[in-house]
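Heads up, the sequence shown is in our numbering, so the first residue is -2 and it goes up one at a time.
Hints may be right or wrong, so weigh each one.
Unchecked claim - In silico DSS-like cross-links for lysine-lysine, where the CA-CA straight-line distance does not exceed 27 Å:
| hint | residue 1 | residue 2 |
| --- | --- | --- |
| 1 | Lys28 | Lys41 |
| 2 | Lys91 | Lys41 |
| 3 | Lys36 | Lys57 |
| 4 | Lys32 | Lys3 |
| 5 | Lys84 | Lys61 |
| 6 | Lys41 | Lys95 |
| 7 | Lys57 | Lys33 |
| 8 | Lys28 | Lys57 |
| 9 | Lys57 | Lys41 |
| 10 | Lys57 | Lys3 |
| 11 | Lys17 | Lys84 |
| 12 | Lys28 | Lys17 |
| 13 | Lys17 | Lys33 |
| 14 | Lys28 | Lys3 |
| 15 | Lys3 | Lys41 |
| 16 | Lys84 | Lys41 |
I should point out that these hints are in silico values taken from the structure, not numbers from a laboratory.
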Amino acid sequence: MDILEKLENSERLNFEDGLKLYELDIFTLGKYAFKKREKLYGRKSFFNINRHINPTNICKDICKFCAFSANRKNPNPYTMQIDEVLKIVEDAKKRGVKEVHIVSAHNDND
């Protein structure tokens, strides 16, 4: 069965199906996603206001996919204190943020 047919029938996708999605032309996939959303929800759209906080960029790991940590391309290491993170959260809350994501490196010095 074609991957778009599986999506159309709301069938559960497996790992191989996920790989097939990567092989699709991005415009074909986007056009399909637009039509599917319109079918399910009409012209309504949902936007979430969130804030990402990265408390440190000092990392003991050397992940091949990471371009974030200070030991890679960023020569300016930093580590925030808890009160700094909380201030960012409070400021975000005042601006209507509903969701906070805290993503960080693996700093041995913390």
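To see whether the hints hold, each was checked on the structure:
Under the criterion of a C-alpha separation no larger than 27 Å, the hint pairing lysine 28 with lysine 41 is consistent with the structure, at around 16 Å. A hinted pair counts as satisfied when its Cα atoms are at most 27 Å apart, and lysine 91 with lysine 41 qualifies at roughly 26 Å. Taking the CA atoms of lysine 36 and lysine 57, the gap is near 47 Å; set against the 27 Å cutoff, the hint is violated. For the hint pairing lysine 32 with lysine 3, the CA-to-CA distance comes to about 15 Å; that is within 27 Å, so the pair holds.
At roughly 32 Å between alpha-carbon atoms, lysine 84 and lysine 61 are farther apart than 27 Å, so this suggested pair is violated. Restraint check for lysine 41 and lysine 95: the C-alpha separation of about 19 Å stays at or below 27 Å, so the hint holds. A threshold of 27 Å between alpha carbons decides the hint, and for lysine 57 with lysine 33 the separation of about 43 Å lies outside it, so the pair is violated. Proximity of lysine 28 to lysine 57 is assessed by CA-CA distance (about 42 Å); at most 27 Å being required, the pair is judged violated.
For the proposed pair lysine 57 and lysine 41, the alpha carbon gap of about 44 Å is over 27 Å, so the pair is violated. A threshold of 27 Å between alpha carbons decides the hint, and for lysine 57 with lysine 3 the separation of about 42 Å lies outside it, so the pair is violated. For the given pair, lysine 17 sits about 43 Å from lysine 84 by alpha-carbon distance, which is inconsistent with the 27 Å threshold. Taking the CA atoms of lysine 28 and lysine 17, the gap is about 16 Å. The hint holds against a cut of 27 Å.
Taking the CA atoms of lysine 17 and lysine 33, the gap is about 18 Å. The hint holds against a cut of 27 Å. Between the alpha carbons of lysine 28 and lysine 3 the distance comes to roughly 16 Å, so the proposed pair stays at or under 27 Å and holds. For a cut-off of 27 Å, the pair hint linking lysine 3 to lysine 41 stands: about 24 Å separates their Cα positions. Taking the CA atoms of lysine 84 and lysine 41, the gap is about 34 Å. The hint is violated against a cut of 27 Å.
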